[in-house]
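S.K.: Please model the complete structure; the sequences and the hints are all you need to start from.
Chains as they are written, first to last, in the working numbering: chain A, 171 to 420; chain B, 4 to 127.
Everything labelled a hint here was simulated from the structure, so no lab data went into it. These figures come from a predicted structure and were not determined experimentally. Idealized CB from N, CA, C, for every residue including glycine. Accuracy of the hints is not assured; some may be wrong.
Far from chain A, by Cβ distances over 12 Å, these chain B residues were calculated [what the hints assert, rightly or not]: (1) Arg63; (2) Glu84; (3) Val103.
Just some of the chain B residues that point at chain A, by a computed CB distance under 8 Å [stated by the list, open to error]: (4) Glu17; (5) Arg23; (6) Thr36; (7) Ile37; (8) Asp38; (9) Ile45; (10) Arg123.
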Amino acid sequence: MAFDADRRRELREMFTAFAASRDEGLRATLIEAHLGLAEYLARRFSNRGEPLDDLVQVASTGLIKAVDRFEPERGLEFSTYATHTIVGELKRHFRDKGWAIRVPRRMQELHLRLTTLVSTLNQDLGRSPTVAEIAQAAGVSEEEVLEAMEAGQAYRFTSLDAPSPGEDSGTLASSIGDEDEKMVDVEHRVALSPLIAKLPARQQTILHLRFFEGLTQSEIATQLGISQMHVSRLLARSLAQLRQDATDEP
Amino acid sequence: MSDEVQLVMPADPEFLRLARVTAMGLASRLSFTIDEIDDLRIAIDELVFGLIGTAGRPGRVTMRYALQDAGLEVRGTGSFEDGAATPGLTELSELILDAVADEHSLEPDGPNPTFRLLKRRSEA
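M.R.: Next comes the structure, spelled out in structure tokens:
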């Protein structure tokens, strides 16, 4: 992710202007200009058993923090500063999830293998597969399949997951034309609880499709082009987050 | 056919996983699809949290899983020592349960608040 000298100067000027004005439009432009960096860094962590989509989202949160906190007058390059912040966010993500510690590696691997397998079976059968069918196709026991499914939910929700207001909502998503964002139409947005509105756009979309539109997880997976098990994970995480947020409310 | 499995667990979210895994194992015996199993898992979370609250409370919850021809019926009964009001279901929980369960109810009043959940097996 390298910018030419003109672009770098332009961005530096924008950072200076943003530091003075805190203009939302500038903020969105600066975030958007560096999304490539967030994705690049997310990929560096993608061999640890977490879906890349999730990591990109975590890295983007780090990027937004970096844009908000960067002080151009200190003379540091933004990319240096942001890399530090984004990597910190990614590391914290893994640490807080405790995934690597609490879920045996064997189960992480099986979980990842099943993610693909379930999608294939879904297509072949034209419906969601049973545990027995998955076990047979994977050559493992039904108990192992169940354990791997549960392992996928091994996210312990922490407040760090919660985007603070304005972080992962409107500005960034609308400025980069997020498809998910468009799918949650305005009418329903209004009806959604303010807690749901705090979730990342994709999670809002999934909640909407599952609980308001009545689509199954497999149907949602097809519609969004992700795996059923990813939908399952995101749903579980959203509900845990909503529960936590509801508890935190005064 | 109506076999029953019982699980008595502390009214603490740490143990919720056991309630879920038991349901998943039984649902698997009934040839539920994994979409249905995930629904079941979500439903159990919502209902148990409706009894014990997000922080848990002193006491225990007895889960009864009845394997029926039509599907799986789950009942949870609280036995609490704090004398506090049972949280019950929020509007959002109700909405979620409408989507994931075939039948559900939660009776928060009295010394032994109880929920009931029915998840039918789809016609394969």
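S.K.: Against chain A, with CB atoms and a cut of 8 Å, does the hint on Thr36/B hold up?
M.R.: holds (4 Å)
S.K.: Would the hint on Arg23/B stand, with a C-beta cut-off of 8 Å toward chain A?
M.R.: holds (7 Å)
S.K.: Could you check if Arg123/B really has its C-beta closer than 8 Å to a C-beta on chain A?
M.R.: Violated - the Cβ of Arg123/B stays beyond 8 Å from chain A, reaching only about 14 Å at its closest.
S.K.: Should the hint that Ile37/B touches chain A count as held when the rule is a Cβ pair under 8 Å?
M.R.: Interface hint status for Ile37/B: holds (6 Å vs cutoff 8 Å).
S.K.: Using Cβ atoms only, decide whether Asp38/B comes closer than 8 Å to chain A, and label the hint accordingly.
M.R.: holds (4 Å)
S.K.: With d taken as the least Cβ-Cβ distance between Val103/B and chain A, does d exceed 12 Å?
M.R.: violated (8 Å)
S.K.: Can you verify the interface hint for Ile45/B: is its Cβ closer than 8 Å to any Cβ in chain A?
M.R.: With a minimum Cβ separation of about 7 Å from chain A (threshold 8 Å), the hint on Ile45/B holds.
S.K.: Non-interface claim for Glu84/B: all C-beta distances to chain A beyond 12 Å?
M.R.: holds (21 Å)
S.K.: Please verify that hint: Glu17/B, Cβ, nearest Cβ of chain A, below 8 Å or not.
M.R.: violated (10 Å)
S.K.: Please confirm whether Arg63/B is truly not at the interface, meaning its C-beta sits more than 12 Å away from all C-beta atoms of chain A.
M.R.: holds (21 Å)
Going down the numbered hints, you'll see the structure goes against 3, 4, 10, while the others check out.
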